[in-house]
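Produce the entire structure from the sequences given, and follow the hints as far as they go.
Number of protein chains: 2
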Amino acid sequence: MSKYENGELVQNIEGGREINGFGGVILGVDGGATSTVCVCLPLFSDPASLPDPLPVLGRAVAGCSNHNSVGEAAARDTLEQVIDEALTKAGSTRDAVRAVCLAVSGVNHPKDQERVLTWIRKMFTGHVKMHVYNDAVAALASGTMGKLHGCVLISGTGSISYGFTQDGQEARAGGGGPVLGDWGSGYGIAAQALTAVLRAQDGRGPKTMLTDSILRALGLSSSDELIGWTYADPAWARIAALVPVVVSCAEAGDETANKILMEAVEELAVCVKTVVRRLHLCGEDRTSPFPVVLVGGVLEANNKWDIAKEIINRIRREYPGAYPIRPKVEPAIGAALLAWYLLAREPLEGNGCTRWQISSQESTV
Amino acid sequence: MSKYENGELVQNIEGGREINGFGGVILGVDGGATSTVCVCLPLFSDPASLPDPLPVLGRAVAGCSNHNSVGEAAARDTLEQVIDEALTKAGSTRDAVRAVCLAVSGVNHPKDQERVLTWIRKMFTGHVKMHVYNDAVAALASGTMGKLHGCVLISGTGSISYGFTQDGQEARAGGGGPVLGDWGSGYGIAAQALTAVLRAQDGRGPKTMLTDSILRALGLSSSDELIGWTYADPAWARIAALVPVVVSCAEAGDETANKILMEAVEELAVCVKTVVRRLHLCGEDRTSPFPVVLVGGVLEANNKWDIAKEIINRIRREYPGAYPIRPKVEPAIGAALLAWYLLAREPLEGNGCTRWQISSQESTV
Numbered sequence: 001m002s003k004y005e006n007g008e009l010v011q012n013i014e015g016g017r018e019i020n021g022f023g024g025v026i027l028g029v030d031g032g033a034t035s036t037v038c039v040c041l042p043l044f045s046d047p048a049s050l051p052d053p054l055p056v057l058g059r060a061v062a063g064c065s066n067h068n069s070v071g072e073a074a075a076r077d078t079l080e081q082v083i084d085e086a087l088t089k090a091g092s093t094r095d096a097v098r099a100v101c102l103a104v105s106g107v108n109h110p111k112d113q114e115r116v117l118t119w120i121r122k123m124f125t126g127h128v129k130m131h132v133y134n135d136a137v138a139a140l141a142s143g144t145m146g147k148l149h150g151c152v153l154i155s156g157t158g159s160i161s162y163g164f165t166q167d168g169q170e171a172r173a174g175g176g177g178p179v180l181g182d183w184g185s186g187y188g189i190a191a192q193a194l195t196a197v198l199r200a201q202d203g204r205g206p207k208t209m210l211t212d213s214i215l216r217a218l219g220l221s222s223s224d225e226l227i228g229w230t231y232a233d234p235a236w237a238r239i240a241a242l243v244p245v246v247v248s249c250a251e252a253g254d255e256t257a258n259k260i261l262m263e264a265v266e267e268l269a270v271c272v273k274t275v276v277r278r279l280h281l282c283g284e285d286r287t288s289p290f291p292v293v294l295v296g297g298v299l300e301a302n303n304k305w306d307i308a309k310e311i312i313n314r315i316r317r318e319y320p321g322a323y324p325i326r327p328k329v330e331p332a333i334g335a336a337l338l339a340w341y342l343l344a345r346e347p348l349e350g351n352g353c354t355r356w357q358i359s360s361q362e363s364t365v
Numbered sequence: 001m002s003k004y005e006n007g008e009l010v011q012n013i014e015g016g017r018e019i020n021g022f023g024g025v026i027l028g029v030d031g032g033a034t035s036t037v038c039v040c041l042p043l044f045s046d047p048a049s050l051p052d053p054l055p056v057l058g059r060a061v062a063g064c065s066n067h068n069s070v071g072e073a074a075a076r077d078t079l080e081q082v083i084d085e086a087l088t089k090a091g092s093t094r095d096a097v098r099a100v101c102l103a104v105s106g107v108n109h110p111k112d113q114e115r116v117l118t119w120i121r122k123m124f125t126g127h128v129k130m131h132v133y134n135d136a137v138a139a140l141a142s143g144t145m146g147k148l149h150g151c152v153l154i155s156g157t158g159s160i161s162y163g164f165t166q167d168g169q170e171a172r173a174g175g176g177g178p179v180l181g182d183w184g185s186g187y188g189i190a191a192q193a194l195t196a197v198l199r200a201q202d203g204r205g206p207k208t209m210l211t212d213s214i215l216r217a218l219g220l221s222s223s224d225e226l227i228g229w230t231y232a233d234p235a236w237a238r239i240a241a242l243v244p245v246v247v248s249c250a251e252a253g254d255e256t257a258n259k260i261l262m263e264a265v266e267e268l269a270v271c272v273k274t275v276v277r278r279l280h281l282c283g284e285d286r287t288s289p290f291p292v293v294l295v296g297g298v299l300e301a302n303n304k305w306d307i308a309k310e311i312i313n314r315i316r317r318e319y320p321g322a323y324p325i326r327p328k329v330e331p332a333i334g335a336a337l338l339a340w341y342l343l344a345r346e347p348l349e350g351n352g353c354t355r356w357q358i359s360s361q362e363s364t365v
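If you read the sequences in order, they're chains P and S.
Heads up: the first sequence begins at 1 in the working numbering, then just goes up one per residue.
Heads up: the second sequence begins at 1 in the working numbering, then just goes up one per residue.
Hint data in this document are derived by calculation from the structure and do not stem from the laboratory.
There may be inaccurate statements among the hints.
[Said to hold, decoys possible] Facing chain P, a subset of chain S residues (Cβ under 10 Å, in silico):
1) Asn68
2) Asn108
3) His109
4) Pro110
5) Asp112
6) Ala196
7) Leu226
8) Ile227
9) Gly228
10) Arg277
[Said to hold, decoys possible] Computed cross-link-like contacts, EDC-like style, restricted to lysine to aspartate or glutamate with a CA-CA straight-line distance of at most 20 Å:
11) P/Lys89 / P/Glu251
12) S/Lys259 / S/Asp233
13) S/Lys129 / S/Glu346
14) P/Lys111 / S/Asp233
15) P/Lys259 / S/Glu263
16) P/Lys111 / S/Asp224
17) P/Lys207 / P/Glu251
18) P/Lys309 / P/Asp285
19) S/Lys111 / P/Glu225
20) S/Lys111 / P/Asp233
Glycine included, every Cβ here is placed at the ideal spot set by N, Cα and C.
This is the structure we're talking about:
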């Protein structure tokens, strides 16, 4: 049994093998465009009352595991490494794992899912329940504490909107990455800002505050150096890191920067509205409440120019039932809770999990 | 002396070392986004009357030499290899070279120019006149037969507009590559088409003929596979190769494809008009004639949907003196003619070229 003092976990007993009277641990992996996080949680007994704070037995961080970005071998190695490290930190082993949910960016097709499943099957025995999703699903679950319902909007380096209905239908919009029109993403915003600097320099576009601000941020002496800087390193996150500069310029009244952010708002709102429309998340009368989980650096509300607020306003004009959720836990925990949630819903089978039975009643968001 | 029979070069004597009574050869290199071409020409005596056809002593082709795309080492090796191969084919040697013009994509800044110059200086003695430009300059010279005047518009895998005045001022617009808003390029057109397929699939955009046409062209069975296909290989030219599919769909009346092409026309016309305005190529009354050299697969006039014609129409609405030139020689020959042209304009110096003197009078286009 884990022991808490003043709400803090002070002791794990046997790495999750005897927590809350249930054996084993669950793993959640969030593989984003820049890093991969794995958390190891104990199995919980009661779906309606999760401990607060959640007892994270182990947590590990590694590099990017998007196979589109780093290649298959590197992605597989990163996933294996981060899982083993989280288990070690939890004082646990692969044998103790009951369920794992990998939510990895770059998983866009059943073939991608199957590929990641193949990698992970080699790590665990057949008794482990394995789920592979796009990383957007972990983000949604981090807002709904494991339940797949509603819509998530992510805008970090990349952007995507993903939604699920109570009865398991799903839909996504966006998430095509830099080549395929991800204009509301951090990458998209920053690339448009860099383009605006180039256009201002060569005379195609108006002068903009972005020029001085971006050159200063990058330590460059002239716009001529921008093309060289851009292609010197193809990492998407390096471009996306310029978003705060764009927001600052917009807050200072720069028209070009404002226009770029407004276009990003429009793109992202369209992504969410498309998912809502396709899944009828708003109900027949278009006013039913549904959560919109907001995740990613672009949607953080620490700026005067609040991109997330503008997006929600646009969505609510069409679907007034949309209510924003800013997750209190990280996406990797969302993935772990989802793994647990899916395990808890399963009918009791002779699948090695016979020691425990959890109600399939759904937890409320 | 070269010998011609029925207009065909049948014999070079001593690899250019004794042609038209002048010693040595000139090299022109066109380093585009997909391949690098080097040609070796003899020195010509009379700037006003170039032989027709031009006596190409040697020609070699190699891969991409854009350091932004393939890295510095590979770019340098490619340039060295293609130059030596052209000289060998011409039966000539590095010692016979009097001038070389390298026009290479990715040269966007004096630093880029200096880097390429450093590579090439190691190949030749100090007597060789060396010039490094963006590859757009070779394209311009291929339309003007070596003279730097007017404007060139290139749209192949990438796009750029470049212009020169008679007195040596220059300006460029566009040419930022895929990340920096090169929307009129083959890459830009194709990336927007792929994006349109994704938007049609996830419900953000209208259905389009592009979906079936692109999936068929790529041998994919569903739009779900597009993201994986896109990032499986980062080569820009692979994306750009889809332009003919977009043109076919536009010709068949697809609105989305038509819109993409019209936006490309607008982007490219703006590039040219910006250069014309900055250099006052149109004269005081905005009606002076100036050439617009059109180069690249996107601007080829073999389609019903004639992108180049639409662009020229837009330019002429503002600058009626703009007249299109479709080069009769390839850009590498343009680069060689430019090397020759710059050499011919030089005042006679004690620079090892004392055997010959060419009038600095400019040739007419």
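Hints violated by the structure (listed by number, smallest first): 11, 12 and 18
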